[in-house]
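Between the sequences and the hints, there should be enough to build the whole structure, so can you do that?
Position in the sequence shown (first residue = 1) + 113 = the numbering used here.
There could be a bad hint or two in this list.
[Claimed, not checked] For each label pair, taking beta carbons as the anchor points, the in silico distance ranges come out as:
#1 S130 x V181: 37 to 45 Å
#2 E131 x D154: 44 to 52 Å
#3 K159 x I138: 22 to 30 Å
#4 D182 x K159: 18 to 26 Å
#5 G176 x K136: 39 to 47 Å
#6 L129 x T183: 29 to 37 Å
#7 D154 x V126: 28 to 36 Å
#8 Y146 x S174: 18 to 26 Å
#9 I134 x L180: 27 to 35 Å
#10 N158 x T183: 16 to 24 Å
[Claimed, not checked] Listed next, the in silico DSSO-like pairs over lysine-lysine satisfying Cα-Cα at most 30 Å (straight line):
#11 K136 x K156
#12 K136 x K155
#13 K136 x K124
#14 K136 x K159
It should be emphasised that the hints constitute simulated quantities derived from the structure, not laboratory data.
Glycine residues also receive a C-beta, built at the ideal position from the N, C-alpha and C atoms.
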Amino acid sequence: MNNFRLSNNTKPVVWLSEEEIDKIINAEAIFEYLNDGRIIDKKTNKPLSSFRNCIYEITLSNGEILLVDTLKE
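This is the structure in structure tokens:
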């Protein structure tokens, strides 16, 4: 049985403090998203080839909106 489901988890909820929230909001980005769809790691300056969690929204001239996983589509 999974004791960590929301329906039966009895542990109290721990909220983030204002300081923790500010730290997350003001954190420096570690990835840079380029116009051609590539993602670069700012620390190593190398593109991420296996990073596949991006969805591109393309608006065509007739107003139609396409959602695609890669720009090759």
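### Consistency of beta-carbon spacing, K159 to D182, with hint 18 to 26 Å
About 21 Å separates the Cβ atoms of D182 and K159, which means 18 to 26 Å holds.
### Pairwise hint evaluation, K124 against K136, where the allowed Cα distance is 30 Å at most
25 Å, holds
### Query
Do the beta carbons of G176 and K136 sit within 39 to 47 Å of each other?
41 Å, holds
### Query
Quick one: are L129 and T183 within 29 to 37 Å, going by C-beta?
Holds: the Cβ-Cβ distance is about 34 Å, inside 29 to 37 Å.
### Query
Within a Cα-Cα threshold of 30 Å, do K136 and K159 meet the stated pairing?
Satisfied, since the Cα-Cα distance of roughly 26 Å is no more than 30 Å.
#### Entry: E131 versus D154 beta-carbon gap, inside 44 to 52 Å or not
30 Å, violated
### Message
Quick check on a hinted range of 28 to 36 Å for D154 and V126, using CB atoms only.
### Response
Since D154 and V126 have Cβ atoms about 34 Å apart, the given range 28 to 36 Å holds.
### Query
Is K136 within 30 Å of K155, Cα to Cα?
This hinted pair holds, its Cα atoms lying about 19 Å apart.
### Query
Is the straight-line distance between the alpha-carbon of K136 and that of K156 30 Å or less?
19 Å, holds
### Query
Does the hinted range 37 to 45 Å hold for S130 and V181 at CB?
39 Å, holds
### Task
Return holds or violated for the Cβ distance of N158 and T183 against the range 16 to 24 Å.
22 Å, holds
### Message
Is 22 to 30 Å respected by the C-beta to C-beta distance linking K159 and I138?
### Response
At 27 Å between Cβs, range holds.
Comparing the model with each earlier hint shows a violation of hint 2 alone; every other hint is respected.
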